[in-house]
Structure formats: structure tokens, C-alpha cells
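Asker: Heads up: the sequence lines are chains A and B, in that order.
Just so we're aligned, residue -14 is where the first sequence starts under the working numbering, counting upward by one.
Just so we're aligned, residue -14 is where the second sequence starts under the working numbering, counting upward by one.
It does not matter which identical chain is meant; a pair holds if it fits inside one copy or across any two.
SDA-like cross-link-like pairs, simulated, lysine to any residue; straight-line CA separation at most 25 Å:
1. 350 with 49
2. 350 with 369
3. 351 with 252
4. 165 with 36
5. 165 with 39
6. 350 with 389
7. 351 with 52
8. 350 with 462
9. 165 with 1
10. 351 with 366
11. 165 with 177
12. 307 with 398
Read the hints as simulated data drawn from the structure, not as lab findings.
Number of protein chains: 2
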Amino acid sequence: MRISTLLHTTGAIVTFVGLFMVFPLVWALVYREGDALPLLWSLLITTGSGALAWRLTPRPSEITVRESFAVVTFGWLGAALFGALPFVLSGSIPSFTDAFFETMSGFTTTGASILTDIESLPHGVLFWRSLTHWLGGMGIIVLSLAILPVLGIGGMQLYKAEIPGPVAEKLAPRIGQTAKILWTVYALISAVETAALMLAGMNLFDALCHTFGTMATGGFSTRNASIAHYGGLVQWIIIVFMLVAGANFSLHYYALRGRFRNYWRSEEFRFYLLIILFGTLVLAADNLATIHPNLLVGVRASIFQAVSITTTTGFVTADYEKWSASAQFILLMFMFIGGCAGSTGGSVKVLRVMVLFKQGLAELKKLLHPRAVVPVRVDGHVVSPELALNILGFTFLYLFLFSLASIVMALLGMDLVSAIASVAATLGNVGPGLGSVGPTDNYAHVVPVGKWLLSLLMLLGRLEIYTVLVLFSRDFWRK
Amino acid sequence: MRISTLLHTTGAIVTFVGLFMVFPLVWALVYREGDALPLLWSLLITTGSGALAWRLTPRPSEITVRESFAVVTFGWLGAALFGALPFVLSGSIPSFTDAFFETMSGFTTTGASILTDIESLPHGVLFWRSLTHWLGGMGIIVLSLAILPVLGIGGMQLYKAEIPGPVAEKLAPRIGQTAKILWTVYALISAVETAALMLAGMNLFDALCHTFGTMATGGFSTRNASIAHYGGLVQWIIIVFMLVAGANFSLHYYALRGRFRNYWRSEEFRFYLLIILFGTLVLAADNLATIHPNLLVGVRASIFQAVSITTTTGFVTADYEKWSASAQFILLMFMFIGGCAGSTGGSVKVLRVMVLFKQGLAELKKLLHPRAVVPVRVDGHVVSPELALNILGFTFLYLFLFSLASIVMALLGMDLVSAIASVAATLGNVGPGLGSVGPTDNYAHVVPVGKWLLSLLMLLGRLEIYTVLVLFSRDFWRK
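Given the sequences, and given the hints that come with them, work out the whole structure.
Answerer: Dropping the structure here:
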């Protein structure tokens, strides 16, 4: 582990993030609400500090696999630390703990907020808040489709061959090129959503902010009432794009090149739709019977929440805490499934859940045919025992972290449901939970220690746990 | 699958169970509370029906591995069906649904009860209720140490070599002999507990009933207040014997032969103590700060509940729902860990949790040393990938069943916490849960459909899921 490498890459990432502050600055100049100067200062401090670290360290000839864990983790940490500046300097979020929580929530595309009155914030700061989602989502796509498979984390190797690009064999040197292709896809779809939202009546500002929240499966809105603020058309548009954002982006790449059939060929994508269909049906049955006697409204509210939670977006159109216990339990379970691998969605991921499910059924078959080889396949490819164990290890650590953190949150004074839900919603990068951190609440009341813990959970969840956890092992820092 | 084999073995098991009804009959004759005749009828019907099925079918020359799944499942089902007779015929539990729930809860050593006033039951019926625990525990020890390893269910093969007996190589033909050895150990320890409880002031009746509840990690008490009815000495005795019952019985076998060191040599046993120590510490810290300012009482209540829930016994000395949210969460988590493999405890089992934990850490090591082989070991033996996947499949199916059943219980009208806890407490064979099925409540208010579902969960949990689930596959019934 060379510290200079770490400084070099983190500096580059921070500079990159800082340059993006020019966009909220433009909005601040348009709306003139006093946040232009704080944003300018933030931009200068961020790019200045980033550039210093970046330019004063030698460019590493190569980054080892081991170093890339630290590069990714510190990259996200650096972005969240400097990204908090606009909130603090503008006075929108005076406490640094709160500002860091909000920014980490943004960059990890979680969408958990400590704000009690979102609409009171100046437009520049609001734009920055949503932009952190979009930048985080950008990072995640490259991370999950280009970096994690190489690092060998949690079964993502299954997608080694899925990464779009001219040569499918050599991966590491292609990360840059893969990134460019994926970002183009990401930007293109984002542009389409923005246009669609504007056609549905949103102004450019709100359309951009909600596009950022959707495409990154983030969930920050510019409205206190989240998407409930808008009409049915906007809600349907957001449903569609949440579905898109929760699917593997390499499928979108193929679709843009005319190969639409790949969607249906992908077992994970089919499983993903199946999960959402199941959730929607249960929620709708429940909703129509009690809360929303109007068929259209009831179905829309059900599908919106099923999609929003499964994709770990966290937008809200209804106070689902008023729904039945079964509805709430399903939403809580969905927080543990998450989006597809290679999407901007968080949590355990559909792919892993699917492999675990198939492994469970395979064991059942083995009991009847003890001598038979019962391979688990995904898209026709056999999942090796090593890969399945990799997924097993990941999922167990995920649940273990969830349990441990829930105990701590409860020890910090939260009630049982809120403690469980706050951890599930941050570790899974969902955003809103249940109880005191439900869809109509926020995280403002959490004690500072709790906010730092939840921020760490967001990072752990976003970077697939191992990327961060490995930094805590003694082996990692050994020569 | 030969139906005659199934009738033969189930008949034998039912006859065996029926013969044990002579003991409650004796108590009924001692106390003369009107339950003697119903017990006599139950005995006659049970042994009669069992003997008919047993003697009228040919003795199978051998039982195939496949048939043994059905033999085990139908054995338990038969016992619960006929075992419900004393409750129904005596009028103690008029509804058959309730009586079946109570009996299944007994034979699966769960301890969930639909009774609202236990002390109003006649002594004969009460004795039968507790005896179902002891008989169920007897069945479980043989199942987990002699049958499941052969069936290859959920990693229990790890204990193939652990089974006591003269020849360690040939297992299947030794099931009968192994059973005898283990039952002797079980009976011996039970006798010691009964003696200890009597020395502590209990009468023979209560001492026997509570021994049955302890050794089977069942949890039925003869008192409405459960173990809170008794003083500190009784509570400490029960803590010790719950710990014994939640450990692998082959360790006790070795200890009785003078090899005490095997306890400490067993990684699972050490892990088991560690879990309980961790739970006790968190509960105690919490208890001493708020509920029980008295050091001794607070520590005793904490250790009692940690041991009672981890071993899946379900005895209660305190209303832990009045404890903090963290305490309740820990107890809920412990419902998913359970006793050691080869104990009478239920749930996922310490062994599996330990392997999953080690696998999670092994994956972390592999990230740093991609080319290294990082084997997971238990007691020095390498856990093969096949075995680890077996455990993975089991654990995932367990969590999947838990999720699915929780949704159903919530759909049946339970609140979120009660729905989750009722499923965790029955699938894990614990007994008391949280919410409306908490330590001071019972399962009487659950709707009939819910009671049947929970009864099925008790059976699924007790028989390690696969044993029952495999019967639902089309392959199973095919020639």
C-alpha cells in the first residue's frame, strides 16, 4: 500500500467532484438566494485540495488489486467529506455531522435525509444535493461493472463477461473505456428522463434533480412530500425509470445497440421483474381492500412503492406506514434484496438472492439423488462452488453487520422497528425506513454517534462491504 | 416410496407414543381430577390404531434413504395427531386445532402454548403435555445425531464421526445402538435434574415436568408465571441444565465416560458459550441500568433469558418485553441461532452459524490473497465446499421460509413485530416471541389458519426443513 498512490487517486476524484460544483453555482446565480458565494468557496477549496494531492504525488505506474480497495473507499470518503462543504458553508446544514450524513447519503445513492424542510433550502444547494446522487451513481456503475468483478467481491465475477466493450477478454486495462461507454448510456437515459419529466410539466430544475434521484436509485427529492407532490403522469414516468436504473446497465448498453432481447435472456432481469410483480400484487391487494378504494390510485401507489424500495431508490408517494403489517414487512424484506448487479441499486442484489435461492433448491434435489451432480446455473453458465461460497460469505457478512448495527442503534435509544429499519435502509442504500425513520420522517433526531454509524453503513453497503472491511485487516497493511 | 413401509413405521412410532400415556394416567389416578378416563381412552385409541397399522403391514427388509424422509415426517405428524387426544377427550382443550397446535408444540419441543390458564388443567393432562416435550427431545437426539447425518441434510454430515458407539465407521445399521446409548445419556441427565429440582424444593410432579421442558429445550411449564414462579436456586439449576440440553449430546456421552476435555475441544461448544456470554453481557448491562437495580437479580434474569432463548427452550423469568429495544433485538436474533447441532435445541444451529461466519471471514482473506487456498475448518477438519454450500442452502431456505410465513401471518392480521416474532419463535422451536405472542402472552388469539401454519413451521423447523420439504417435490413420489 503506497500512500502516494492513495493521495494521487483520491485527489483526482476529489478534484473531479469539485469541478461539478460549477453546476449548482450556475443555479445559485440564476435564483440568487445567497448560496452562490458558499458554493464558489466550496468549489475552490475542493478542487484546490484535490488538485494539490493529485499533482504533488507521482502518478502510479499501476494500481495493484490490493490498492484498489483503498482507492475506492477513500475516493468515496473524500467525495463525502468535501461534498459536505456547500451545506456547511451556506448554513443550510450547520452541523458537520449532519452535513456529512447528508452528503454520504447522496454519494452512496441512499437518500436518507436529516432535513426537516427541504423546500426552504436555496436552489444551488438543493441542486448539489441531488447531483451527489448522480455522481455517486456514475461511480457505482463503473465500480460494479468494471472494478468489483476484477476484485472478486461477492460473486460479481459472474459479470466479468457481461461488460460491454470491443474486447471481452482483457478487463483491467479497459476500465477507462468501459467507464466511458457506461457513462454515455447513463447520461443518455438521464437526458430522456429529464425530457419526459419536463413534458409532464416539471420545470428544468426539478426535472434534473428528480432524474438524478431516479437514475442513481438515490431518492432525494426537492419536495417535502417527495413524489406525492406530483401527479399520476410524473409518478408513472419515475416508476419506469426507477425500473431502468435498478437493472444491469450492460443490458441497456445492448438495448441501445438494438439487442433488446438481452433483457429477456437475462435470468436476473426476469427474477427482478418477478420479485416486483409479487410485491406489487400483495401490496395492491392490501391497498385496494383498505386504503385506496380507487383502483388506479391503489395500483399506482403499490407498484410505485414496490419498485422504489426494491431498486433502493426510496422515493415515496404514500405513507406506507399506514399500510398493513404485511405490506410493511414486504417492503422491509425488499430492502434486503435490492437492485440487479451492475445497476445503481444497492443492498444484497437480485443476482445473489437468485443464486442463494437456486442453491437452496439444488440441495433439495441432492437429497433425492445423493450421487447426482446438481449444478446451479445462471444464464446457462454453471456457478462454481467457489463463486457460490463467495456469495454466501457476502450475504452472511451483510446480515451479520445488519444484526450488530441494529443492536447498537437500539442501544442508542431507538425502538426495535426503527433500529432495524434504519440499519436496513442505510446499509441497503434505500433511504426511508419504518418507525421513527419512516417515509414521512427523517434522520434528524438520530443521536450524532448514530448518524456516524449509519453513514459508515451507507459506505459499507454501497461498496459491497468487503471493499471497506478489507482495509481493517492487519494483512492489508502488511508489506 | 412404499406406503406399507410408511404405515409400518408410523404405526410403530404411534404405538410407542401411546404406551407412554400410561404415565400421565398414573398421575391422573393419584390426583383424581377426572382426567383418568379420557387418558385411558387416549391410550387405547393411540396404541390400538398404531398397533393395527404396525402389525398389519409387513416389516420392511430395509428402509431407503428416500423413505426415511417420509418416515421421520409422518412419525412426528402421527405423534402430534394422536398425542392431541388427551387434551380433546379431557375437555382441557376442546378445539382440535388448538389441541393439535399444543401437541405439535410439545413434540417439536417448541413450547408455544394456546393455554391461558395452565394451572387450571388436571395433573394427568399437564403431565402428558410436558411428556410430549421429553419424547420429542428423545426423537430429536436420534434424528440429529444418527439419521440426519446419513440423510445429508444441511451440513450435519460434519458430525458423522461424532456419533458415540463401538464402531465409528458403519452408521446406518448402528442407528438402533446409537439411539440406546444417547437415550441412556438423556435419561441419566434428566434424572439428575429432577433430583436437583426436588432438592431445591419442588415436588416430584413439578420437578419431572420442568425436567422434561428443560432437557428437551421445550419450555412448557406447569405454572402460569413459568419459572418466575420459583426462587433463585431453581432458576440457576434450570439455567445449568438448559445449557447442557443445548449442547451436543455426544459431548455429554464422552463426559460420562470421563473425557471432559472434549467440551473445550469442540469449537462449536466454545462458540455457543461465547454467543451466550455476549448476549448475557448486553442484556445485563441494560438490565442493571434500568430494570433490576439488584446486581444478582439483574444478572440472573439476563443469563436466564439469554440461555433460554439461545437454546430455544423458551422458559421465562422476566417479561423481557419491558426490556430495552436492544435487549429485545438480541433475543430475536438468538431465535435464529439456536442450540448446538446434536442437541435438543432448534433453529439454525450454532454449527451452521459458525461455518457461515468463518466462510465470510475466509472470503475477506481471499480478497487479499486471490491465489491462496483459504479452507474453512471446524475442529481442525476442512469443511468441503459441498458441505458449506449445503449449509448455505439450508440457511437461505430457513430465512426464505421465515420471510414468506411472516408475510402470511401479517396478512392474517398480526402486527409487524408479532408476525415476525411468531414465525421466528415457532420455526426456531423457541416458544414465546414478542408483541402479542410475547413472554406473558400466548397463541390463543391467533386465527385457526395461523395456528395450522405455525404448527407446520414447528414441524419444518424441528425436522431441519428439508426432511419435510422434500416430500413436496414431484421427484420424491416418482418411481
